[in-house]
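Participant: Here's the letter readout for the chains.
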Amino acid sequence: MHELKPEFASTPAPAKLGRAIVITSGKGGVGKTTTTANLGTALAKRGASVVLVDADVGLRNLDIVMGLESRVKHHVLDVLEEKATLDEALVRDKHSQKLNLLAAAQTREKDDVDTEKMRLLIESLRERFDYVLIDCPAGIEMGFKNAVVGAQEAIVVCTPEVSAVRDVDRVVGLLGNAFSPQLIINRVRPQLVKKGKMLSVDDVNSILRLPLLGVIADEPDVIVSTNKGEPLALRTDTATAAAYHAIAARIAGEDVPAPTVEYKESFVSKLGAFFGGRR
Amino acid sequence: MAVLRGKGLGLEIALGGRDFEDALTELQSKLGERPGFYTGTPATAALGRTSLSNEQLGRLRSVLHTHGIALEALSGGLDLEPLATEAGLRFVALDDGGEELARRRALRPKREVQLSDAARSLVADFAGARADIADRRKRGEASVRRAVSAKQHQSAQVQMPENADAPLPGTLYHVGTLRGGQALAHVGNIVVIGDVNPGAELVASGDILVFGALRGVAHAGAQGDASARVHAIELAPTQLRIATFIAADAGDRGQTPIYPETACVQNDRIVIFPREKAP
Amino acid sequence: MSARKIVFTSGKGGVGKTTTTVNVGAALAKRGQRVILVDADIGLRNLDLVLGLEKRIVFDLVEVVEGRCQLRQALIKDKRFESLSILPAAQTRDKDAVTEEQMAHVMDELAGMCDYVLIDCPAGIEGGFRNAIAGASEAVVVTTPEVSAIRDADRVIGKLGERKLPMRLIVNRIRPDMVRSGDMLSVEDVCEILSAELLGIVPDDEEIIDTTNKGEPVVLGETNRLRGIYDKIARRLEGELVEFTNLDNTGFLGRLFGALKAG
Chain A
1250 MHELKPEFAS TPAPAKLGRA IVITSGKGGV GKTTTTANLG TALAKRGASV
1300 VLVDADVGLR NLDIVMGLES RVKHHVLDVL EEKATLDEAL VRDKHSQKLN
1350 LLAAAQTREK DDVDTEKMRL LIESLRERFD YVLIDCPAGI EMGFKNAVVG
1400 AQEAIVVCTP EVSAVRDVDR VVGLLGNAFS PQLIINRVRP QLVKKGKMLS
1450 VDDVNSILRL PLLGVIADEP DVIVSTNKGE PLALRTDTAT AAAYHAIAAR
1500 IAGEDVPAPT VEYKESFVSK LGAFFGGRR
Chain B
543 MAVLRGKGLG LEIALGGRDF EDALTELQSK LGERPGFYTG TPATAALGRT
593 SLSNEQLGRL RSVLHTHGIA LEALSGGLDL EPLATEAGLR FVALDDGGEE
643 LARRRALRPK REVQLSDAAR SLVADFAGAR ADIADRRKRG EASVRRAVSA
693 KQHQSAQVQM PENADAPLPG TLYHVGTLRG GQALAHVGNI VVIGDVNPGA
743 ELVASGDILV FGALRGVAHA GAQGDASARV HAIELAPTQL RIATFIAADA
793 GDRGQTPIYP ETACVQNDRI VIFPREKAP
Chain C
498 MSARKIVFTS GKGGVGKTTT TVNVGAALAK RGQRVILVDA DIGLRNLDLV
548 LGLEKRIVFD LVEVVEGRCQ LRQALIKDKR FESLSILPAA QTRDKDAVTE
598 EQMAHVMDEL AGMCDYVLID CPAGIEGGFR NAIAGASEAV VVTTPEVSAI
648 RDADRVIGKL GERKLPMRLI VNRIRPDMVR SGDMLSVEDV CEILSAELLG
698 IVPDDEEIID TTNKGEPVVL GETNRLRGIY DKIARRLEGE LVEFTNLDNT
748 GFLGRLFGAL KAG
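Protein chains in written order, with the working numbering: chain A, 1250 to 1528; chain B, 543 to 821; chain C, 498 to 760.
Keep in mind that a hint or two might mislead.
Heads up, simulated DSS-like pairs for lysine-lysine below, C-alpha to C-alpha not over 25 Å straight-line [unchecked claim]:
#1 LYS572(B) with LYS656(C)
#2 LYS1366(A) with LYS1343(A)
#3 LYS1444(A) with LYS711(C)
#4 LYS661(C) with LYS1394(A)
#5 LYS1443(A) with LYS711(C)
If you are wondering where the hints come from, they were derived from the structure by calculation, not from laboratory data.
Build out the structure end to end from the sequences listed, making use of the hints.
Facilitator: Rendered as C-alpha cells:
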C-alpha cells in the first residue's frame, strides 16, 4: 500500500492559521473520540479557540460524547454540499464559549465526502480557530483518508494490546513523516502491567517509536462520562482529567514532565469507588 | 536422517540404506502426527542402493494412501527400474555421487543432529506450503511478489538489474523503519537501516540484512537460492523464508538475544547462528 | 449439507468482535463442530493474532481470490482443536483487493468444507463491511452497553436489514456493578433500544486482554469463567434454548449486589 500522497498533508501553519490535528489509530475502540473531546475541552480551558470535527460519517459519536446531540442542526456534509453555512452547522459547547463542534452526518456514507472540499473546509476552519481537532473513524479506508486530508499533525491513540499496536503501526506507516505523529497510550492498567498481563508503555513504544504525548490509565469514570456526555477534562479531581490537561499543555508547547501512570492504591479504596461512591 | 522430507514438488520418502520395517514404522508415526496435512501431495521413494520387493512396495503405497499421498516415483539403482515400470511409477536413476551420499548418511547415528546452544533452529512446519512455492517457481512465477516499496525516493539503489540472471544482483538500501502493512520486494539483496515491524514483509532474491530489529516476515532467496541468508541485529521474525524453506519460531527461544544473528539453511531446515559462528 | 455462514459485526470498533468470533468459534469446535474462521479485515488483520497463529501464515484470502493458491493451502488448522481452521486476511493490501462477489464465492466454497463459517468483520460500514456481509447468510451484532456503541450497532442493524440478513445480539463487557449503580445501561435497555433478539451476555473480564495478547482462546483455559458463557452462546447458535446464567457466584461483589444475569 502506498504512503499517502503529499497533497493529503496540508502546508504547515503560518503564524495566523490554527493547527489542524487529526486524532487517529486504525484500531477501533481505543479512545479516539474520547481523546478528541477531552483534549478539545482541555485546550479550550486554557483559553484557546477550538473546533472539533467528527469525520466518522454514518457512525457519528463525537456529539454524544460532548453531550450536544440534541443541538446538532446541520452536519459536515451539509456544509460541504452547501446546504448550510458553517455558522449554521457549528454547535457551541455547553460549558465553554471557546469550544465548538462540527458533527458528522448519521444517515450518509463516507464515500459521499468530496476529499478536496473537505480539505478546503479544514483550511477555512484553521482561519477561524486556534485548534482544529479532527476525530478520525476506525479503519484505513476512505473515511480515514478524508479525515486526514487538511491536517498537518497527527495524534495517534493506542491501547496496550497486541492487535492495537499492529493496527496503529499500520496507520503510522501510512501517515509517513508528513504529519509528525505523536502517541497517546490509553487504557493502561498498571496493576495488570505489573503482573505481566498487559503490555507496558515500553512494549508498545518499542514497536511504534513515536514521541510520547501522554499515558492515560483506565478508569470506570470514562464510560460514565461518555454516557452522560460530560468529558472528564471538565473536572479537576481525576487522574484522567489531569492527564488530558498535561497533554494539552504539551501540545501548546509547554515543557511538562514526562508522562507516568500512578500505581492504583489498595483494593479497598478501589472497592469504595464501585460502591456507588461517585467522586 | 528423517524418513520424510519435503523435496522439490512433493515429499521424499528416504528408504535408502536402512531397514524397511523401521523406516515404515517411522513413516507411519510421522504421518500420523498430522493427519490430513499431506493429503494430495505426491511422493517419491528414494531407495539409494537398497532393493525393494513388490510386497514392500505394496505396503508402502498402502500406508501413503491412507494419508491421501500418492506415490509417484521411485529413485535408486537400475535394478529398481522394472519394479517401477510394472507398478506404473516414474523411475529416477541415481548417479554414483548420490549413492555415496546416501550410503554415508545411512551410516550416521539416527538421532537428530545436535546443534550447539549457539545454533538454535526454528521449527519447519510447512511441507505443503513449501511444495507450492516450489511449484510456482517451476512454473516461472517469481516468488518475488508484486509489492510496493514504502519510500522509493529515500532508498538508494546500487544497481537494478533487468533480469534475474544478472551475475551481480544489485542491493536495495532502505533507510527507515518498515511499518506493518508495508513491503519491499527486490531482485537482488535488501538492506534495511531501521526496524522491520511485525506485519511488514521483505522479499529478496538474494540476501536480507536488517540493521535493526527484524520482527516481520523476511523471504530471502525468493527465486530459489537456498544459500541465501538473513541477517539482523535482533532476529525476531514472525516467519522466516529462505528459498522454499519456511520456518516459524517454535516459541522456545525465550527472549530473543540482541546481538547479530544469521539465518541460513542447513540439513534442509532453517537454522539461526550468532553471526560470528555462522558457517 | 452446506455450512452456516455467520458474520460478526458491530459498526463501532473495539467492542470485541474478533475476540467474540474466536471464542464462539472455539466453543463450537470444542462441541464437535467443524469451524472455519475468516478474517475479513484486509490490511488490519487481527484474527490470527488473537489465536496465536500469526507465525504460520503463508497464504491469505487475497491470494486465494487472485488464484495464486488453493483455498485449502491458505487455511491454517489450529492444532489445539479437532476441527478449527482460519483463513487469514492479507496485511499488505487494501480492502479493495476483493469484491463482494469474490467474497461470496469464497465463503460458499468454505461452506462446503465445514459446519460453521464465522466471518470477522472490520469496524465501520464501508467497503470492508460490505465485503464481509456479502458472504454471510446470518449475522451476530456485538455491542457494549455504551451509548456510542449502541448507536453504531443500530446503524449496522439497519444495513443488515436492507440485505435481509437475520441477526442476533451479543452484549459484551457488561459490568454488573455499574448497571446496579445506574452508571451503565442494562441488557434489557440495550435490547429494547435495538429491538434485537439476544444471543449472549458477556461480562467484562480483566483476563481477556491477556488471553488475546497471548493467543489463547478462553475455552482452552480451565479457570476462566467466560468459558461457560461462550459455551452457552455456542449452544444457542446450535438451536438449543439455554437460560442466561446468574453472575451470583463470582464472589464478594456478586453476592452483595444480588443476582444479575449473564451468559
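Participant: Are the hints correct? Go through all of them and say.
Facilitator: How the hints compare with the structure:
Between LYS572(B) and LYS656(C) the CA atoms are separated by roughly 50 Å; this puts the pair beyond 25 Å, and the hint is violated. For the given pair, LYS1366(A) sits about 29 Å from LYS1343(A) by alpha-carbon distance, which is inconsistent with the 25 Å threshold. Annotation: proposed proximity of LYS1444(A) to LYS711(C) holds, straight-line Cα distance about 14 Å (limit 25 Å). Of the supplied pair hints, the one linking LYS661(C) and LYS1394(A) is violated, its CA atoms being roughly 30 Å apart against a limit of 25 Å.
For the hint linking LYS1443(A) to LYS711(C), the alpha-carbon distance of about 16 Å falls within 25 Å, and the restraint holds.
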